Structure formats: C-alpha cells, structure tokens
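Novice: Chain residues, written in single-letter form:
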Amino acid sequence: MAVFGGTLRVSGNGPPRETNVAVSQEEHLKELSKGYRFDWKDADHSVFTPKRGLSAAVVEEISSLKGEPDWMRKFRLKALKHFEARPMPWWGADLSDIDFENIYYFIRSTEKQAKNWEDLPEDIRGTWDKLGIPEAEKKYLGGVSAQYESEVVYHKIKDELDQMGVLFTDMDSALRDHPDIVKEYFGTIIPPNDNKFASLNSAVWSGGSFIYVPPGVHVDIPLQAYFRINAENMGQFERTLIIADEGSYVHYVEGCSAPIYTSDSLHSAVVEIIVKKGARVRYTTIQNWSTNVYNLVTKRAAAYEDAVMEWIDGNIGSKVTMKYPSIYLLGKGARGEVLSVAYAGKGMHTDAGGKAVHVAPYTTSIITSKSVSKDGGRTGYRGLIRVEPGAHHAKSNVRCDALILDEDSRSDTYPYIEVEEETAALGHEATVSKVGDDQLFYLMSRGLSEPAATAMIVNGFIEPITRELPMEYAVELNRLIELQMEGSVG
Amino acid sequence: MEPATKVQGFDEEALSALSSSTLFVEALRKQALEEFLALPIPSQETEEWRYTDLSDLDLSFAPFAPGGDAESLNRGKILQAAGVVGERAGLQIQRNSEVVSTQLTEGLGAKGVIFGDLDRAAEEHPELVEPHLHALVPTSRTKFTALHGAFRTGGTFLYVPPAVTVELPLQTLTYLDADGAAVFPHTLIVVGQDAEVTFIDRYVSPALSRALSVGITEIHAGAASRVRYVSIQEWGDGVTHLGVQRARTGRDTELRTVAIGFGASLARAEAETELAEPGGFSEMLGVFFADGTQHFDHRSLQDHVAPNCKSDLLYKGALKGESRAVYSGWVHVRPDAQKTDAMQTSRNIVLSDRAKADAIPNLEIEANDVRCGHAASVGPVEEEQVFYLQSRGIRRDEAERLIVFGFFQEVLDRITLEEVRDSVSHAIEQELAGEG
Chain A
0 MAVFGGTLRV SGNGPPRETN VAVSQEEHLK ELSKGYRFDW KDADHSVFTP
50 KRGLSAAVVE EISSLKGEPD WMRKFRLKAL KHFEARPMPW WGADLSDIDF
100 ENIYYFIRST EKQAKNWEDL PEDIRGTWDK LGIPEAEKKY LGGVSAQYES
150 EVVYHKIKDE LDQMGVLFTD MDSALRDHPD IVKEYFGTII PPNDNKFASL
200 NSAVWSGGSF IYVPPGVHVD IPLQAYFRIN AENMGQFERT LIIADEGSYV
250 HYVEGCSAPI YTSDSLHSAV VEIIVKKGAR VRYTTIQNWS TNVYNLVTKR
300 AAAYEDAVME WIDGNIGSKV TMKYPSIYLL GKGARGEVLS VAYAGKGMHT
350 DAGGKAVHVA PYTTSIITSK SVSKDGGRTG YRGLIRVEPG AHHAKSNVRC
400 DALILDEDSR SDTYPYIEVE EETAALGHEA TVSKVGDDQL FYLMSRGLSE
450 PAATAMIVNG FIEPITRELP MEYAVELNRL IELQMEGSVG
Chain B
0 MEPATKVQGF DEEALSALSS STLFVEALRK QALEEFLALP IPSQETEEWR
50 YTDLSDLDLS FAPFAPGGDA ESLNRGKILQ AAGVVGERAG LQIQRNSEVV
100 STQLTEGLGA KGVIFGDLDR AAEEHPELVE PHLHALVPTS RTKFTALHGA
150 FRTGGTFLYV PPAVTVELPL QTLTYLDADG AAVFPHTLIV VGQDAEVTFI
200 DRYVSPALSR ALSVGITEIH AGAASRVRYV SIQEWGDGVT HLGVQRARTG
250 RDTELRTVAI GFGASLARAE AETELAEPGG FSEMLGVFFA DGTQHFDHRS
300 LQDHVAPNCK SDLLYKGALK GESRAVYSGW VHVRPDAQKT DAMQTSRNIV
350 LSDRAKADAI PNLEIEANDV RCGHAASVGP VEEEQVFYLQ SRGIRRDEAE
400 RLIVFGFFQE VLDRITLEEV RDSVSHAIEQ ELAGEG
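Protein sequences, first through last, are from chains A and B.
The opening position of the first sequence corresponds to residue 0 in numbering that gives the first Met the number 0, with each subsequent residue numbered one higher.
The opening position of the second sequence corresponds to residue 0 in numbering that gives the first Met the number 0, with each subsequent residue numbered one higher.
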C-alpha cells in the first residue's frame, strides 16, 4: 500500500461531530466577487502514483484495486473495446482537443471511506467545508455522498432512512454489498455501447451513487452527492444507479466543482434510473465545473406504469457540456419532465437538452429549457421527442427560450420530433431574444444599476426552473447568475 | 405514353449524345459530370439526409426524353393536365426534356422582359445567364445537383429589367410522360431593382412505373424588387422528385414563395432564402398532403446574413395512409445580422394511425439583438373539435373534413393568388375524398 501525504484518522462509526465551518459570511462574499469561487487546489493526496492514459491494463488495474467480481471486469473490458471502436461524435460541441492519453483515469485519494468528516485528511475536509456540504447535511439532507477524484471519500445516511430499508451507498460499495441487485440493473438502461462516452465510463467507472428505495417508502428529505475534481487532467467517471421500487419517492441532488487549471479535465458520468410502477424520482443537478472541464454525461431513466420521472438540470459551468437527460416512458400513464437551465460564458459551449421516448400509451412529457449566453458563450438546446408505434394518446410539449446577452454570443436549437402514432399530440415552441430594452430601462429608472437590472431579468427568465429547486440551490443559482452578470452590458 | 429513348445511365457517352450548347454550358456540363461521378449518393449517416434513404436508388434512367412537336400537346392532353390556368403574362410548356412552347404577352418583350427556354437564353443573353446559372445552387452541392448540371436540357429563364412591373403571373408547366426518364427542370429568375413579378412552376405527370426529376430553382431578387414564386408539385406515382430552390434577396427586397406538394412517390424539396442585404423580407409558405406510401422530405433554410431583415415561414401538412413526412428547417442568424426578426412554424395533422410525421425546426443564432422563434406540432384531428361539430348535427366524416380545411385555411389565406388558392383547396378536397 502506498503512503499518502495527509493524516488519516480512523475512528468509529459514531454520529458526525461538529465540524469547523471555515468560511465566514464576509469571506464568502469576497470569494463570490472574484468570479468562480470554487477555484482552490488541495495538495496531491493520491494513495498510489496515478498513471496517464487508457489501456486494457489500466482497466484491469482499476478492477483489481477494487477487488471486483469477474463479471464486472469482463463488462469493463468489453466496454473498452466499444470505446476504442466508436468514432468521436461528429455533431454537437468541438471535442477535438480532448487528449485521452493525457488523462488520469483513476486516482485514489483516501485509503478508506469516512463516515465522519473529521476522519478525512485536513485539506480534503477543508474542501467540503468550503463547499458547505457538512453544514447542509446537518440542516436538510437525508444522506450525503462526497466524491473526491475517483472515489467517494465520505458517505453517510440518516439512521431512520437506513431503518426503512433505503439503500444509499457509493457504487463501489454497492457492487460489494448488494451484488445481486447491482448485477440485475447495472448497464440495462444505458448499455456499454450506447455512445462513445458511455462506453468510456463503462470501462473505467469509479464512484457514483447507488440508491434503492423499497416499495411505498417516501424519502421526504433529499439525498445528496457532491463531486469534486482536484487534480489537473483528471478523468472522473462516476456511475449512478437509482432504483425506486413501486410507489416510492426519492429526490436526489448532485453538485459538482473543480479548480481552474490551464489544461483540461474530463467528467463523463453515466446515470441510470429505474422508476417502477407508481414511483416518482426527482433528480436535480447543479453543475458548476470550472471552465477547463469537459462534461460529457449520459443520463437516462426508465419510467414504468404511472411512474413520474423529473430531471432538473442546471448547467452553469464547464468548458463543454454535452448532456441530454432522457426518459423512456415504458408503462401506461408514465410521466416525464425535464427542466433544463444552461448558461455559457466566455469560452464555454453548453449543449444541453432533453429526450422523451414514448413507448407506452397515455404517456406524457414536458421539456422546458432556458438558456443564457454571454461574453462569446454558446448555448444549445438539443432534444428528441419520439412516439413509438403503440404509444397512442401520447402527449408532449417542449418549450425552449434563449437569452443572448451580447453580440459575440450564440444560441442554437435542434429539436427532433418523431411521431409514429396518429393520436399523439406534440408541440414545440422556442424563442430567442435579448434582454428587452424597455425592461432594462424600467428597472434602471427605479434606481437599479444595469448589471443588477440584467441579473434580475435573467433570474426572472429562469424562474420556472429555480422555483423547482430546493431553496438553498435556488438561492445559489440566483447568486451565480448575479455573479455572471457583473460587468455585463445588456 | 411515349416510350423513353434507349440510352440508360449517365456517363460521357450519354452526355455527348445531348445537343451542343454554348461554350459556357458545355464546360459546366463537363465539370458537373466529373462531380457527379466523384460524389457519393448522400448517405443517411449525414444530418441532411437522415430521413431519406436513396442508397438503393437505381440510376438507370434515360437521360433525355424528347418533347415532340407542338401538335402533340393536344394529343397528350397536356393542356388539360395544366389544370386551371388563369390569365397569364406568359406560359411556357416543357414536355419531358424539351421546351415545346413559349408564349409571352406582347409588349413585355419591348419592356425588356425575357422569358423562355434556358438553353436558348444561354445563347442569346450570355451576359444575363452566365453570372447567375448555378450561382446559388452550385452543381457540386450533391451528386444530384451535379447530375442536374450535367444533363439538364430545357428549363426556364426569366429576366425582368429594373423598374418593370409584370402585372400577371408567368408560368412554366413541366409535363413528364416518358416512363423511365430523368428530367431536370431548371428555373432561373433574375429580377432587376424595383421590379415586380409573379412566377408559377407547375410539375405534372401521369402515374409512371418509374421516373426521376431533379429540379433546381434559382431566384436572384434585386434591390427593392417584389417577387412571388409558387411551385406546385403534382408528379404522379412512380416519380422520385429531388428539388432545390434557393433565393437571394437584395436590399429591401420582398420575396414571397409558396411550395405546394401533393405528388410523387418520394419528394424531397429544399427551399432556401439568403437574406443577403439589409431590409429584406422573405415569406415562405408550404402546403403538402401525403397519402398512400408517399414519402415527403421538406427542408427549409432562412439564412440571415445581413441586418434588419425579416423572415416568416409557415409549413402545413396533412398525412394519410402509410405516408411519411419530415419537415426540417433551419433559421440561421449570422453574426452581422442584428435586428433580425425570424419565425418558423411547422404544423402537421395526422389522419391515419399508420402515417408518420417528423419535425425538426432548428435555430442557430449568432447575433444577440434578434427576435427569433419557432413552433412545431404533430397531432391528430382533435376529438373536442369533432365532438363540437357533431353536437351541432354534423356527421363525423364531414366534421373531420371541415377541421382539416380549417387547419389549412391559415396558410391558404396567405396565398395571394386566388387561382392557386382555389386549385390547392381543390387538391385538398380530392385528397380527403381519396382512399387511404
């Protein structure tokens, strides 16, 4: 076993102790004003020397370090073959600068997962403190999973949820502790050859969340995962699997950030969700990667009879995002909703959207997308609504609005509507505009500065999304928007 | 039905069998043939051809089919096929590969209006034809436009000099009755500054076992001109129709186009407007009705290059039987095109549970001070509307018929030419009455 730099204190599984909330309100505001406020770097904590590049040997090593069963090792190696065989996508954002040979595919930062914040090496703990995760956990979360580089370094679920039979662990532990259920569902919603980046994730996945909610159980406080990249040229490939059994409910929230480096990192997650009969899953993402991260994520849910799946997808950061949360409506009466908000500033290309595939009758879907581009940023909505034969009386509505804040910025809309059922009713509407001069004039005549007025208009514009977020996240999103608007000329 | 000539396929030998033309046209043909031989049949792997599969298209068509003499017009019932023809300032008839008749109202020629066979215009007015032919739709665009560039014969050239207003519409009827033939209708319209004209292209054929039409329309609309262009595609069963229409507007030009599609087994129609100078306006209307196993692939582009332009597109279509219709449109606002106002709407009504409709209305916006929107819908006849009409004592089939008419009314109301409106209404009526 390699030795790492920080101090590892192993303690029992007692309740989380009071932790230092390092950032005062004043410091917090100071950081806010500097722009991207998640730009700090911890010292290298890797517990073995990480290697750049990808090969079958790297995949074997990841699998063996994790002590995985043979089927997973084979699954990974097969996926690697798919990854190698597939061409890069020709559509969407420019990915030509990704250097797969320069990326670290696996970095282990701690020897052992902590159940107590204090058990983490000091500056890793400091990172979580600065992100406010331990504080949020105390206040309003039912469980927290904190992933640092490739693995989940802290994990905790409230005892009462544990007692109700709710499983909430990191994916690696789930494979060890719940092998049957993992094997039954893993890779069934997003097969390893679904697309090039899903293949990559399937080959080198590490970390992510596993959630199982038993029939009829309502988890009424959100479960949260936070993903942090610290190292330069890191590749983070978390893998999340959520199974909501019949009539259950769960709200899962994820956030992410990374320091700013001069060369790029890659985040390529796969998220699979199974929403069984009558169940409801709400999945909220606030993505705020630094602007040197490629964020190429495949998210897909299968919704069965009368189930409800909701994706709330906020994309504020990253260099390039390509992410289209999908819902396959497989059971009669299933409902799906995607709420997407995308921001692109200087040097950013956010290609987001949503997909709904109606396979069963009387299914409905709603996609609402709001995007804001500024300082030469490019936002895109890319969507698919598909009605398969037999999905009679399917209904879908798509609404996309884009705001372009200056003349260097750009917005694109690529909606696909494919209908094979006479009784299906589908609609799509989109608008693209700038901040209205009369709105700005009105607010400024009431004494607001131009940036403040612009921020207020933009916050109003994305309000249909923010009102669906947990309050803390809505506040955070509004604050981010205000920050991005500073110095903007409408 | 006229038998097609024996020559099949498109090669140098077939090209040399065509009657010779001007040096310019000969050079263009030669180059286009090379492009045709070099280019692949567009693959469904590409976004442009995603919904239309031509990989199995057998290109063994006759490259040239004679038109016969003017006498044969009556024998061939061609005039009857032209349908209701209102008052015209000019009428040209092309049968198969040849123009067989051209008429232009007296007086227009004296005003400098040129209307007639494109090949003859290339000889008589090279200064007008050469800078414009294939300037908007280059032969190298696809394998099919290259084929068109190489083997086109006949076609229409219309020139309206600056400040001349042509009150009545001009029309070309392209009539195809040579089974197994390929035809290449080409309409080249050049309109001078401040001029005004209306032009109608009509494509008609009986049902054939197989035929190919690769058409190109190029419209150069000068500054402050007012141009209306209507295309009516009524090919019979068996025809594969691949059409590209592209217009470029000048400063303060007002361009209104209508694309009507009822015919052909497979019809792909691309309509594009480039708003190249400030102040231009482009209206693009589309009406289609697919039945049986027809496959329609409609594509549009509103390309805003210059600032202060406005474009408005409305396509409405109905589907019956096992038909398939795709609408994919693009609004592209280039970085300099500030103050753009662009709208794009595609509405589809599905009347059969075996029909399939797709709509992909895309926006690419690179300027910020713009107003752009799009809307697309696909749906059945609404039950509430049927119920309402039934509750007023109207039979179900009649109620559905009325609702479909109501659906099309929005676009019909915007077609300013009464006779075109009437003939479209009539065609919708027939489609609704027909089986499948």
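Simulated from the structure, these hints should not be mistaken for laboratory data.
The structure presented is a predicted model; accordingly, all values stated were derived computationally and were not measured.
Every residue, glycine too, gets a C-beta built ideally from N, C-alpha and C.
Hints are not guaranteed to be accurate.
Facing chain A, according to a computed beta carbon distance under 7 Å, are these residues of chain B, among others [what the hints assert, rightly or not]:
hint	residue
1	Arg49
2	Asp352
3	Lys355
4	Asp357
5	Leu362
6	Glu363
7	Glu365
8	Asp368
9	Cys371
10	Gly372
11	Ser376
12	Gly378
13	Gln429
14	Leu431
15	Ala432
16	Gly433
Novice: Each hint should be assessed against the structure and marked as holding or not.
Specialist: Verification of the hints:
About 9 Å separates the beta-carbon of Arg49 (chain B) from the nearest beta-carbon of chain A, more than 7 Å, and the hint is not met. At a threshold of 7 Å, the smallest CB-CB gap from Asp352 (chain B) to chain A is about 4 Å, leaving the interface hint in force. For Lys355 (chain B), the shortest C-beta to C-beta distance to chain A is roughly 5 Å, which falls under 7 Å, so the interface hint holds. Annotation: interface hint on Asp357 (chain B) holds; nearest CB of chain A at approximately 5 Å, less than 7 Å.
Because the beta carbon of Leu362 (chain B) sits about 4 Å from the nearest beta carbon in chain A, less than 7 Å, this interface hint is met. Annotation: Glu363 (chain B) was flagged as interfacial toward chain A, and the flag holds, the nearest CB pair being 5 Å apart, inside 7 Å. With its C-beta approaching chain A no nearer than about 5 Å, Glu365 (chain B) sits inside the 7 Å limit, and its interface hint holds. Proximity of Asp368 (chain B) to chain A holds as hinted, the smallest CB-CB distance being about 5 Å (cut-off 7 Å).
With 7 Å as the threshold, the beta carbon of Cys371 (chain B) comes within range of chain A, its nearest partner Cβ sitting at about 4 Å, so the hint holds. This hint holds: Gly372 (chain B) has a C-beta 5 Å from the nearest C-beta of chain A, less than the 7 Å allowed. With a least beta-carbon distance of about 4 Å to chain A, the hint placing Ser376 (chain B) at the interface is held under the 7 Å criterion. Look at Gly378 (chain B): its Cβ gets to within about 4 Å of chain A, closer than 7 Å, so that hint holds up.
Checking Gln429 (chain B) against chain A by beta carbon gives a least distance of about 21 Å; that is not within 7 Å, so the hint is violated. Taken as an interface hint, Leu431 (chain B) does not check out: its beta carbon lies about 16 Å from the nearest beta carbon of chain A, beyond 7 Å. Proximity of Ala432 (chain B) to chain A is violated relative to the hint, the smallest CB-CB distance being about 19 Å (cut-off 7 Å). A distance limit of 7 Å between C-beta atoms decides the matter here; for Gly433 (chain B) the minimum to chain A is near 17 Å, and the interface restraint is violated.
In summary, the structure is inconsistent with hints 1, 13, 14, 15 and 16 from the numbered list given earlier, while agreeing with the others.
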